[in-house]
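Q: First to last, the sequence lines map onto chains A and B.
For what it's worth, UniProt numbering labels the leading residue of the first sequence as 1, then goes sequentially.
For what it's worth, UniProt numbering labels the leading residue of the second sequence as 1, then goes sequentially.
Treat the hints as calculated values from the structure; they're not laboratory data.
Accuracy of the hints is not assured; some may be wrong.
Just so you know, same-sequence chains aren't split out, so a pair can sit in one copy or run between any two.
Dumping the calculated DSS-like pairs for lysine-lysine here, alpha-carbon to alpha-carbon at most 25 angstroms [claimed, not checked]:
id: 1; residue 1: K287; residue 2: K128
id: 2; residue 1: K190; residue 2: K335
id: 3; residue 1: K345; residue 2: K335
id: 4; residue 1: K335; residue 2: K400
id: 5; residue 1: K128; residue 2: K400
id: 6; residue 1: K404; residue 2: K344
id: 7; residue 1: K190; residue 2: K344
id: 8; residue 1: K345; residue 2: K190
Number of protein chains: 2
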Amino acid sequence: MEAADDGFRPLDVEAVVEYIKDTPALRALLGEQLEGLSVKEVGDGNLNFVYIVSGPGGSFVLKQALPYVRSVGISWPMSKERTYFEMLALKEHGRLCPYHVPEVYHFDRPMSLIAMRYLEPPHIVLRKGLIAGIEYPLLAQHMSDFMARTLFFTSLLYHSTLEHRKAVAEYCGNELCRLTEQVVFSDPYKVAQYNRWTSPYLDHDAEAIREDDTLKIQVAGLKSMFCDRAQAMIHGDLHTGSVMVTNDSTQVIDSEFAFYGPMGYDIGAFLGNLILAFFSQDGHANKDDDREAYKRWILKTIEETWDLFHQKFVSLWNENIDGHGEAYLADIYNKPELQLLAQKKYMIDLFHDSIGFGAAKMIRRIVGVAHVEDFESIADTSRRAFCERRALNCAKTLLKERCKLETIGQVISVIGETSARLAVEIGGA
Amino acid sequence: MEAADDGFRPLDVEAVVEYIKDTPALRALLGEQLEGLSVKEVGDGNLNFVYIVSGPGGSFVLKQALPYVRSVGISWPMSKERTYFEMLALKEHGRLCPYHVPEVYHFDRPMSLIAMRYLEPPHIVLRKGLIAGIEYPLLAQHMSDFMARTLFFTSLLYHSTLEHRKAVAEYCGNELCRLTEQVVFSDPYKVAQYNRWTSPYLDHDAEAIREDDTLKIQVAGLKSMFCDRAQAMIHGDLHTGSVMVTNDSTQVIDSEFAFYGPMGYDIGAFLGNLILAFFSQDGHANKDDDREAYKRWILKTIEETWDLFHQKFVSLWNENIDGHGEAYLADIYNKPELQLLAQKKYMIDLFHDSIGFGAAKMIRRIVGVAHVEDFESIADTSRRAFCERRALNCAKTLLKERCKLETIGQVISVIGETSARLAVEIGGA
Chain A
1 MEAADDGFRP LDVEAVVEYI KDTPALRALL GEQLEGLSVK EVGDGNLNFV YIVSGPGGSF
61 VLKQALPYVR SVGISWPMSK ERTYFEMLAL KEHGRLCPYH VPEVYHFDRP MSLIAMRYLE
121 PPHIVLRKGL IAGIEYPLLA QHMSDFMART LFFTSLLYHS TLEHRKAVAE YCGNELCRLT
181 EQVVFSDPYK VAQYNRWTSP YLDHDAEAIR EDDTLKIQVA GLKSMFCDRA QAMIHGDLHT
241 GSVMVTNDST QVIDSEFAFY GPMGYDIGAF LGNLILAFFS QDGHANKDDD REAYKRWILK
301 TIEETWDLFH QKFVSLWNEN IDGHGEAYLA DIYNKPELQL LAQKKYMIDL FHDSIGFGAA
361 KMIRRIVGVA HVEDFESIAD TSRRAFCERR ALNCAKTLLK ERCKLETIGQ VISVIGETSA
421 RLAVEIGGA
Chain B
1 MEAADDGFRP LDVEAVVEYI KDTPALRALL GEQLEGLSVK EVGDGNLNFV YIVSGPGGSF
61 VLKQALPYVR SVGISWPMSK ERTYFEMLAL KEHGRLCPYH VPEVYHFDRP MSLIAMRYLE
121 PPHIVLRKGL IAGIEYPLLA QHMSDFMART LFFTSLLYHS TLEHRKAVAE YCGNELCRLT
181 EQVVFSDPYK VAQYNRWTSP YLDHDAEAIR EDDTLKIQVA GLKSMFCDRA QAMIHGDLHT
241 GSVMVTNDST QVIDSEFAFY GPMGYDIGAF LGNLILAFFS QDGHANKDDD REAYKRWILK
301 TIEETWDLFH QKFVSLWNEN IDGHGEAYLA DIYNKPELQL LAQKKYMIDL FHDSIGFGAA
361 KMIRRIVGVA HVEDFESIAD TSRRAFCERR ALNCAKTLLK ERCKLETIGQ VISVIGETSA
421 RLAVEIGGA
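Only chain A is shown next, with the shape it has when bound in the complex:
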């Protein structure tokens, strides 16, 4: 295809090869050995095309954004400038947390193209690992590390307000925020073209969401926080499909939704998707594996992720207490007990935000446009609906009651109770 006026042309496998030949930086990554090159399109997300390029002398991944939502088509246009923000965020995340972010090798803005490290096998998408029932012993440790470092170091606990405002302004141009606003905070709560759910089983549940005034008021508060609270640079799409894992490696990718927003949105995305994974397990159980042990592992991972995040975030705060961060000046918050009080208040607010956003992310995956493979891969629709309904009810409770919860242990209890209560209802029906 011809290049458009802006220098953009969508690639395909053949065009990728030509592009590499014309790009010295990429040829160098392959050790200048273009013979026997393999190029495979592997994008399975909602938005982009992803090519794995490997040859005898090296490998990398090429990711290209098209000016529309891949999973919907050209009827849903989407700024391809998102690749610029993805590159910015990847580099910033990599700087802050190099062990858990792939390296960026090359960026071509007109082509909306990023070349980055290929996360070679046995790396798989975490969501697929969760569906397969694989335990990742370091997951909580790694993800709490990623979140604590990327969020702390881009917040006013570390930034001066001057550098914070400069960074906020830079990311204000990321139009992908609008997609989140629509698909997370709006569409699930109204009749919307692309909404779908496991019908007819969940017809009533979806309608109940649209008629739940308490829920809608809570969601308005979360949406407003998402739209106008520039607390830290957030990944913006930190679900289990944005994480690649092996037994001992955890890599966060797909940061094109990054902007300065509420920290709880990232933490909630990750925890909420783990809770979805939990509720989907009954759909993957079979006579050889009832998945009960795996469900316990997921709950433990949820609990550890928050607890470790809390611990690491507060440690970073303490280590940087005399730094240039301007939220809590050392000569105002000048006694250990006052510092402790400030941190307690900050962390409980962040906890409530995280649970709220996590719940909103769960709801939208069940009655909104984009569903999760955790449930979609349950072939038996009535069984899938059963799992989804439990997740939905859990999310509603968490969203409405979150400010009464004080510990992650209480969140685990809500998950357990929702799970048990529905089992009883089903049993009694």
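Chain B: place on chain A using the hints.
A: Then chain B, alone, in the frame of chain A:
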């Protein structure tokens, strides 16, 4: 003085005349009649130089920012780019609320210079009117109008999130926010070079502020809101010195602190400064006028300002319910009772923010760097300290207890009680 490399040179009265001669737009404003021109420097604020230019054929005001804080000197540098933001905000405020904002005639960015409408006598600074005990029957009406319109139309209740983020980014460069962060949210709560208070009377009171953990935790929350919550374009310095009045005209000036921040900061600045005016009245009372009636008028004005603001803001919301504002989509908040619930939640949060910010603004005017003429003009220092202490105690109560208050009437009660309680204590001593 020679122009610097950046085209900036500070003016004085003679240089103003030369500047006008060289500037066709300004000559035109004077009807090309430069004979008999009068130029008077009248700036009495903390930051800038202000010249009234009048001739037989016309008049205007010239305002020039110098690269430091006027009231402190070159030891406290301050970006003169603030004039750019003042111009932006004046124009935007003028567009949204033309009756209460002077027209901008001319802007010279390298010179940090704005020419605007001269608010001719009998316009005086509202603060001076309050000290003189003058009632302004339309003040609450006008200020509620200004605040309701400028805040509503720059919030997500009216903006799409796309235009909101664009506007937020534009104002992120206004470095004057840092001055507010320092003098309002930080310095009063620590030992700081420029802090002062009516000593020795208030030595203990100032120390008590610096040792009040509860207060400091509350102030941290307000500061964080100020720094990262881009709720609407706020004036940023809406005290009674930023308002010019006559019996039937109210004009808001000095918008160089404008940026996207929490709405409550503007509302609080205005209400807080009215409360300061209230507490200063006993210092201005004499045998001919005990100021009791005037104190009642101030309280009535506080109450009316909030009530009218509330009423007008909600009316604008209702009138624009099917507009392009994206905070509360009409097809989600789709029933009158749900709409009402949403508005109630929004307005009570805004009320609490306003009272909190108002109280913080009061405190900083008594123990921080910049004081208010309301108190400064009370020559008898023990009497001044008596008035200031009451205001300080009122502010502390409001800041700590604001979330228990639900109506402006309850705020008025707190003011009354603080006033009465201290009178009793003094009487009993």
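Q: Taking the numbered hints from earlier one at a time, note which ones the structure violates and give those numbers from smallest to largest.
A: Going through the list in order, the structure violates hint 5 alone and respects the others.
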